[in-house]
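**Q** Protein sequence lines correspond, in order, to chains A and B.
Counting from 1, one number per residue, gives the positions in the first sequence under my numbering.
Counting from 1, one number per residue, gives the positions in the second sequence under my numbering.
Bear in mind the hints are in silico, worked out from the structure with no lab data behind them.
The reader is advised that the hints may include incorrect statements.
The calculated lysine-lysine pairs, modelled on PhoX-like cross-linking and capped at a C-alpha distance of 20 Å, are [as the list claims (entries may be wrong)]:
id	chain 1	residue 1	chain 2	residue 2
1	A	K257	B	K266
2	B	K141	B	K284
3	B	K327	A	K254
4	B	K284	A	K18
5	B	K266	B	K284
6	B	K266	A	K254
7	B	K141	A	K18
8	A	K257	B	K327
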Amino acid sequence: MKIAVCIKQVPEGDAHLKIDADGISIADADLATEINESDQYALEAGLRLVESQGGEVVVVCLGRDRADEAIRRALAMGAERAIHLNDPAFQGGDAAATARALTAAIERENVDLILTGLQSDDAGWAQTGPILAARLGWPSATLIMEIEPEGDTIKVKRELEAGWFQWLRLPLPALLTIQSGISTVRYATLKGIMGAKKKEITKVTPVDIGLAPDEVGAAGRKTRTTRLYVPEKTKGAEIIEGDAATAVATLVEKLQKEAKVL
Amino acid sequence: MAGAIWAVTESGDDGLKSISFEVIACGQALAEALGSPLEAVVMAADGSAAAEALAAKRVEAVRVIEDAALAPYTPDAYTAALVEAIKAEAPSLVLFPHSYQSRDWVPRLAAEVDAGFISDVVAHHIDGDDTVFVRQPYQGKLNSDCVFAGDGINIVSLQSGAYLADDAAAGDGAAEIVKQPVNLAAASRTEVLETFQEVENKVDLSRAEVIVAVGRGIGKQEKLPVVEELAEALGAQLAASRPVCDNEWLPIDRQIGSSGQTVTPKLYIAVGISGAIQHLVGMKNSGTIVAINKDANAPVFSVSDYGIVGDLFDIVPELTNQIREAKGTG
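Take the sequences, apply the hints, and build the full model.
**A** This is the structure in structure tokens:
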């Protein structure tokens, strides 16, 4: 089974996020990064499938030079080789532009299965995987918790809302987006880290994968972020006064109308 | 804006899901601001009840896409159905709930009709010629303003709870119900084998949308039903600070903080928790934090959005009752 796993490098979960001078991105000097959490689980799922079925995992990553760190870690965990979509033209894309680039890179690889995380911890669109499948004309399923290979088909357990689940069967080739926590993500061993240094990372530009630079990245996007900012948050809690019934009534109203969480 | 705004609703086994009215509420606000007609869309094997409920709202029309292939849900059938409807009617803006189901197929739809797609939106405002949609990237730590780059068809999905179902205004009379014909002869590639509910075993709090956490202030194990009832009323997971688990009043897999789980629910209610830093690191990135504590100087208030200072045994039962009333289960 040949599997492509798409990974994204994102800021570490507890990294201090400083908005860049451009007002639309995070300043990346000294920014601690990691492989997007659900992508780590996608990678783990891919590696386990290859261990039981044979084949190889190819890591695909769109990112700048510094994404090399995330790619090396994926190789150290056990991926065979990597494709790094690394060119200024790829930057600034939305999910549609990124999915177009990933499609072109994976199309020529002849894989049976594509795995991605369910969404990125930074942009959080939750779009790239299914768009990639649609562009390839493949079936897809999202929020997958378990995978059982069956030859030409695959049986998967999908998480639904409110504690419900579903077993589905899809023909291969297919794309799955993986939910975090479906298994324990392995650590890279020292041997793996040493071995990763010798593994092949193919750096590609838009032209290398048959795309014009204006089809991807900022030029190829259909949505645009105009501003990134810290949401207004009052310093410390707003203390709600009154007897229990009055204070609670005010609180419930604020949770409904202001915070919009009820 | 040229074409209509579509509010695509979601139906399940029990008919129209309530989140559908949140999409109607947003659609009504956008329709008014942009001067475009709003149409509700039903997709179901049998959509007659849903159509009637939606026709009572202030919409120009209710479009019903009915086909046996739409139940059970599969991404192929839903995508094919709406691609066909969109190509026939050419709406300019199509709204969806950002549900688990829509996340499964709406990105495919966006690719098929070559639409711009802004997902998981929490608010919107009009800025000159632009309709600006607000998102919460970086796991809700930051906000971003997004606009569409092109004039073609555009798609927006709305975070659950961002718009209020109650704000979906009723219309003057019943809106027209229009059957939208589709041909779903091409079978879905996905085969639905079994849909089931799993018994809860090990608790994973990291995915809970609402958490009620209890601390030392509860006093003793026998008092736990006070917070359990609040959690139940909210459909929340019950969690605890370390002292509660150390005392074995609740199992360790419900512990929040540096030695327990780290959580970022949309709503976190801390009851009787003073807020040691070891606890705060596990919950401070939650969306909205409410603290109920008798000590006005408790550090938990410094990371909270709302606080009530007082006896939790007065406040929590009152909150449980009012939540039940607000949710219509009282």
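**Q** Please go over all the hints and tell whether each is borne out by the structure.
**A** Hint by hint, here is what the structure shows:
no., hint, verdict
1, A:K257 <-> B:K266, "14 Å, holds"
2, B:K141 <-> B:K284, "11 Å, holds"
3, B:K327 <-> A:K254, "15 Å, holds"
4, B:K284 <-> A:K18, "18 Å, holds"
5, B:K266 <-> B:K284, "11 Å, holds"
6, B:K266 <-> A:K254, "14 Å, holds"
7, B:K141 <-> A:K18, "11 Å, holds"
8, A:K257 <-> B:K327, "14 Å, holds"
Of the hints listed earlier, there is not a single one the structure fails to meet.
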